[in-house]
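J.: Letter by letter, the chains look like this.
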Amino acid sequence: MKLPVCWLKEFAEIGNASPEQIAEALLRVGFEVEEIIYDGADIENVVVGKVIDCKPHTNSDHLHVCMVDVSSEILQIVCGAPNVQTGDIVPVALSGAKLPGGIEIKPGELRGVMSYGMLCSGKELGVDDTVIEGAEVDGLLQLPKDTPLGTNILDVLGKNEYVLDVSVTANRPDCQSIVGLAREVAASMGVKFNPPVNKYKMTPYGGEYVPTVQITSKVCSRYTGRLIKDVKIAQSPKWMRDRLRLVGVRPINNIVDITNYVLFEIGQPLHAFDIRFIDSGIIVRTAAKNEKITALDGKEYALPEDATVIADSKKPIAIAGIMGGEYSGIADDTNTVFLEAARFERKSIRVTSRKLGLRSDSSARYEKGVDYGSVDEGRERALALIYRLKAGKIVDVKSDDGVAPPPKKVIETSAAQISSIIGIDIEKPAIEKILVSLDFGLTKAKGDGIICTVPIYREDIEDFADLSEEVIRYYGYDNLKPTFLKNAACTAGGISTDEKRMGDVKNILCGKGLYEIMTYSFINEKASDMLKLPQADSRRNVLKLRNPLNEDTAVMRTQLVHSMLTTLALNQSRGNDDIRIYELGRVYMPKGGNELPEERFVLSVGLLGNNEDFYSAKDIVNSVLKYFTDGYSLVYSKQPYLHPGISADISKDGKFLGSFGEVHPTVAENYGINGKCYVGEIDITALLGFAKGDVRYKTISKFPCVNRDLAIVVDDMCKAGDIIDIVKDACGDSLEDISIFDVYKGEQIERGKKSVALSLKFRSPEKTLSDSDVQRLMLGAIDRLKAEIKAELR
Amino acid sequence: MKEQINKLTSECTAEIKAAATESELYAVKVKYLGKNGLISDLMKNMRDIPPEERPIIGKTVNNARGKLEELFEKRGAALHAAELEAKLASEKIDITMDKDTAVGKLHPLNAVRKRLVDFFVSMGFDVMDGPEVETDYYNFEALNVPKDHPARDMQDTFFINESILLRSQTSASQVRYMEKVKPPIKMISPGRVFRNDDDATHSPVFHQLEGLVVDKGITMCDLKGILDLFAKHFFGEDTKVRFRPSYFPFTEPSVEVDVSCSICHGKGCKICKGTGWIEILGAGIVNRKVLRGCGIDPDVYTGFAFGFGIDRIANIIHGIPHIKLLYENDMRFLKQF
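Going down the list, the protein sequences come from chains A and B. Counting in our numbering, the first sequence tops out at residue 1063, every number present. Counting in our numbering, the second sequence tops out at residue 628, every number present.
Heads up, a few of these hints could be off.
[What the hints assert, rightly or not] Taking lysine-lysine pairs in the DSS-like style, the calculated list, with each CA pair at most 25 Å apart, reads:
hint, chain 1, residue 1, chain 2, residue 2
1, B, 507, A, 750
2, A, 921, A, 769
3, B, 507, A, 487
[Claimed, not checked] Covered by chain B, according to a simulated footprint, are these stretches of chain A (three or more residues, beta-carbon under 8 Å):
hint, stretch
4, 634-641
5, 696-706
6, 766-775
7, 788-798
Please keep in mind that the hints were generated in silico from the structure rather than gathered at the bench. In this text, a Cβ means the ideal position worked out from N, Cα and C, and glycines have one as well.
Let the hints inform the model, and build the full structure from the sequences given.
T.: Printed below as a string of structure tokens:
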């Protein structure tokens, strides 16, 4: 809400308070001032001067050399304007002056003659005829002859003004007006508030045609119309034009300007119809099926069925509260005006405005809520202004329909109740003083009791809690005394086990040298194609946003691989090497219908760099899996985005837990990644179901261990994991540890075979193993290896 | 004979001194004291000596052997020490070289989130996790924001359909929690929120932490108490907290909370836009209608709620100039924290 200080002063006696002081007073009571705008910010050092001598420049056919009196001195200025004459009163940009567009004026020579400033046109000052008469002529801006010399041009233009851009919260539609804010400023600064006084005289009704009004729509609680005859369309006075300009409205003519002026000053939207456009009576009704209207903006709109229109007997003449129909507005030859002031439900205006994609100052105001009292106040203000500006004759006739305003709310409470949620005791007199300054009515009440009547425009006030807010915002939050839950019971808090476990997973990954990343939850729908997911893949079933920002953030992710690959690609493109990253985030699996999706926690891992290979990815994945569970199995992965021979799918008890491996070269290319990279994705929600409980202690054997090596030759395709599984199975509990320390292919080994060297550690929990015990276990293992994978001893 | 012993002794002593390495010294030892060494040979010649002289000569030889052995030991120890020292010196390496076994780090946002959660948990707050894809009911209606209420303009919400949306505030968790848990309530709900807002200072994805306390006799002063503590803990002991009246549909009274700028200490700087204050959160006394909607009697219980942006707190703590950096995941950024 734009609040010009000059306009504010009409209603709040703030004296010479600075814009900063006003802003501070507003902030204190809950209105943030987003910006203090100085209307004359782009003009500096320009004053009124008189041309006392004007001679043609001897070295030019169009320049003049002028002597200019600016009161404090007389300056020689070379001027190129065609209309310069001795005796002119004009704006003079002095040496060092600033003009719109960043122009600076410095003394300089023009064809051999010194010039100490510049005489200005309206254009050079960035103004047009709505700001000051004559601003648009070709040449100097000619000011009235009685303008005192040396006056700051900003005062002449009406631009020496400050405007506060006030942020008004949604609960205070009454402060979407100059008068509403003035009331708050006055109360906050403790100065007098002068409500608008509306005086006008009416012309007796002489049987002129006046439309009757009938409301059939439920969203219109009140509609009033007044007849203005003998209208003289003209420019409105400068003070009104200046104020409109300060709130960002372009002045048009006296009648239109008055409706806009009242919209900003009182907060009541008005509409002025040319009576010639209304065929007999006015009906406020719901739009008919397939009804259309061409609005003032010249566009045709198909009206939604729940829209409300102002119609005459033949056609809709306005979209209620939003915009008038084409030709319905004021023309230069308008003679009789039908002035509308009405109240429409904010919800209805909001919905219709959205559906049509059509907004106006009026709809913006209605959307926030117009109170019951505002219709009469706004209309009376407009009539008083019409009378004052002599814009027409107000006919003594009424065209009204609608329900009476609801009775004023009365709240019965007490000082103690109001204080109870604040936490400090505020005495009854202090509370009453604040309520009175805010226009609440007080009824005498016994003892601590408070009975107050709520002003009609304060629709946000419902009970004592609302009064607490009114009181404390004026009493001052700085007076609160911090206490530490002195009345509250003790509670046990903490994070859930799942969250703790996910924290542990992050610690493990950080320990493995991975950095955590965080990416958006929504991605491009094309991600599924980039990852080569088959058409039937469930991850293609995504939740789509109805109003996404753009294509890249249009659907909720069902996997984290896309974001991981995107992040790897970004880092690679920026020259970052050795990338080890992970993300633990949610995926959103639709359940269909109106059910919320299933949100699952998923871990993604990404590796890119010369030191990375499948096994570094496996090492990381293993550390996470082992945190949760010991047994799981790996098979070559079926993920279409992974290399079919350098990747694995993980499962346990038939449940799929995730995949990892080298990214398929085609997919890497889709993301613009050069060279090899590795990704993994693990379903953490599934793993949480396998999480280990508290570990039970197992006895540590006090007997010595026996180490043995075993070298075998097996088929090249034989998997290390299978060899280890066979040996473990054959040796049972006495095998404490087993690892592969060498795999060799080449000389001395038959083609298509490999030599695998294993290191075994035996230890029994019950006794010292003898050589023969160990030998027996070794032989048992060798027999199994020979039988099951055709291993030969080396 | 005696001369011979003296001669050998002095020759051996000289050779011990001359030995430069342990192995040279060993060779000398073998030469003189070995089984067939020169000194041992003397003993073998003993039978050529008259029997009466034998004890004396024997003693002399043994004395000489004893002396020499002592010298060998001393010299041996010295050589060993010198050789070890030389070996260690030769093994000296360039300690400015690195073997890269870096430890990764949490994302700065999550690191701050963890600190925040720890802070509130230490005061007995329960941590609640709510769905990010929410119903209109929990995100708006149950929080006293009916459909087409102007307060909905405060937040641009992403919608999936008429009744399902991406939650625009963690306040959505409040009602879910109060439906399940009855007072006394102390809970926080940190998490991801979404708004259809994307420019230099806004990210469509960001994080909030919602706090809720409901019990008998909870007041604005209690809210001030907790937030004072919070501000001092995260922004420094000398941090001041300021309440400004504001509006949220689910609290009444509502306040915006500013903390004194920890960069300029209130003098005014770029971070606080010259005001000396940084706006960090919204809060208030839980609206009576919200409590009633959750089956909690507002005439018996009162409560306060607050909510702030975790991203904003992280950015203030670390001096991160804009929120977008958090979601780019440039390694050079991630490695800093």
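J.: Against each hint, give a clear statement of whether it holds in the structure.
T.: Each hint tested on the structure:
no.: 1; hint: 507(B) x 750(A); result: holds (18 Å)
no.: 2; hint: 921(A) x 769(A); result: holds (22 Å)
no.: 3; hint: 507(B) x 487(A); result: violated (43 Å)
no.: 4; hint: 634-641; result: holds (count 3)
no.: 5; hint: 696-706; result: violated (count 0)
no.: 6; hint: 766-775; result: holds (count 3)
no.: 7; hint: 788-798; result: holds (count 4)
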